[in-house]
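Enquirer: Sequences and hints are given; from them, build the entire structure.
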Amino acid sequence: MFIQAIPSGPFSTNAYVVACAEMHEAAIVDPAPDSAAAIVEYLSAHQLIPKKILLTHSHWDHIAEVKSLKDRFHIPVYVHPLDAPNLQKPGADGLPCWLRITGVEPDGFFEEGEQFPVGKLNFQILHTPGHSPGSVCFYEPQQGVLISGDTLFKGTIGNLSFPTSQPSLMWSSLEKLERLPSNTRVYPGHGPATTIKEESRLLREARSLFDLE
1 MFIQAIPSGP FSTNAYVVAC AEMHEAAIVD PAPDSAAAIV EYLSAHQLIP
51 KKILLTHSHW DHIAEVKSLK DRFHIPVYVH PLDAPNLQKP GADGLPCWLR
101 ITGVEPDGFF EEGEQFPVGK LNFQILHTPG HSPGSVCFYE PQQGVLISGD
151 TLFKGTIGNL SFPTSQPSLM WSSLEKLERL PSNTRVYPGH GPATTIKEES
201 RLLREARSLF DLE
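For the sequence shown, the numbering used here gives the first residue as 1, with consecutive numbering after it.
Heads up, a few of these hints could be off.
To be verified - Straight line, CA to CA, 25 Å or less: simulated SDA-like cross-link-like pairs of lysine to any residue:
id	residue 1	residue 2
1	K89	H74
2	K176	H127
3	K120	A45
4	K120	E25
5	K89	E25
6	K52	F11
7	K176	P117
8	K67	A37
9	K197	L169
10	K52	H127
11	K89	I125
12	K51	S68
13	K176	D211
14	K67	E22
15	K197	G144
What the hints assert, rightly or not - So the derived label-pair ranges between C-beta atoms look like this:
id	residue 1	residue 2	range
16	F162	P81	16 to 26 Å
17	K197	C97	29 to 39 Å
18	I49	S208	39 to 49 Å
19	E178	H74	18 to 28 Å
20	R100	W171	29 to 39 Å
21	S12	A45	14 to 24 Å
22	A37	P141	25 to 35 Å
23	G191	L95	13 to 23 Å
24	R201	S161	16 to 26 Å
Hints are computed from structural coordinates only; laboratory data are not their basis.
Just so you know, even glycine gets a beta-carbon here, dropped at the ideal spot from N, CA and C.
Expert: See below:
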């Protein structure tokens with residue numbers, strides 16, 4: 001399995017290239033501002049064939065390069081339906097943005113528990129609302145990998161003060177992640193990788209630590 005974080009843009013958002021080492025098929029996850037050139041370079045260097053763009057959510061720092069990469073590779077883009085409006089019309093979520101981002105029509109939508117193949121990898125969709133209504137995580141059980149978007153970071157959780165955030169739903173989302181195997185490697189939307197074990201106390205105590213209702 002290939003998994004490469006490409007921190008990009010004003011908030012060092014982690015764009016990812018995830019690929020099956022056997023079939024060399026790849027998915028691009030959360031193409032952040034100014035990430036396209038590095039993504040293309042990584043794909044070329046490892047002879048990977050991009051097949052789809054997967055979005056953990058549609059905040060502008062996670063979707064800025066969707067249009068350019070979709071047009072370059074002629075590949076579909078997928079998002080949860082509750083976050084689709086901001087992909088179609090960036091800024092619809094009320095977040096301030098000083099970049100000009102072109103909206104994109106999604107080609108498909110995620111559902112809880114759905115399986116998304118990338119070569120011989122098989123990512124399970126975990127709907128984890130809280131940070132945004134349509135936030136999702138991508139879990140590959142055979143590889144023990146979770147791409148957590150802005151739901152879970154090393155030492156903290158996603159911002160719950162945004163216009164479309166739903167703090168009351170974050171607790172059940174974190175409980176869902178807490179049930180994953182402790183050795184699951186977590187690749188977040190910002191910052192370094194961690195594990196479910198390293199974040200176990202945070203996941204248990206999040207309700208009181210972050211005043212989740």
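Enquirer: The structure should be examined with respect to each hint, and the outcome stated for every one.
Expert: We went through each hint and held it up to the structure:
1. K89 - H74: holds, 20 Å
2. K176 - H127: holds, 9 Å
3. K120 - A45: holds, 21 Å
4. K120 - E25: holds, 9 Å
5. K89 - E25: Outside the cut-off at roughly 29 Å; violated.
6. K52 - F11: Between K52 and F11 the Cα gap is close to 24 Å, so the pair holds against 25 Å.
7. K176 - P117: holds, 21 Å
8. K67 - A37: With a Cα-Cα distance of about 13 Å, the restraint between K67 and A37 holds, given a limit of 25 Å.
9. K197 - L169: holds, 22 Å
10. K52 - H127: This hinted pair holds, its Cα atoms lying about 19 Å apart.
11. K89 - I125: holds, 24 Å
12. K51 - S68: Given pair K51, S68 holds - Cα atoms ~15 Å apart, limit 25 Å.
13. K176 - D211: holds, 18 Å
14. K67 - E22: Violated, at roughly 28 Å.
15. K197 - G144: Holds, at about 12 Å.
16. F162 - P81: 16 to 26 Å: Check passed, 19 Å falls within 16 to 26 Å.
17. K197 - C97: 29 to 39 Å: holds, 36 Å
18. I49 - S208: 39 to 49 Å: Since the Cβ atoms of I49 and S208 sit about 46 Å apart, the hinted range of 39 to 49 Å holds.
19. E178 - H74: 18 to 28 Å: Taking Cβ atoms as reference, E178 and H74 lie about 39 Å apart, which means the hint is violated.
20. R100 - W171: 29 to 39 Å: holds, 36 Å
21. S12 - A45: 14 to 24 Å: holds, 22 Å
22. A37 - P141: 25 to 35 Å: holds, 33 Å
23. G191 - L95: 13 to 23 Å: Check passed, 19 Å falls within 13 to 23 Å.
24. R201 - S161: 16 to 26 Å: The hinted range 16 to 26 Å holds for R201 and S161, with Cβ atoms some 23 Å apart.
Checked against the numbered hints listed earlier, the structure breaks hints 5, 14 and 19; every other hint is satisfied.
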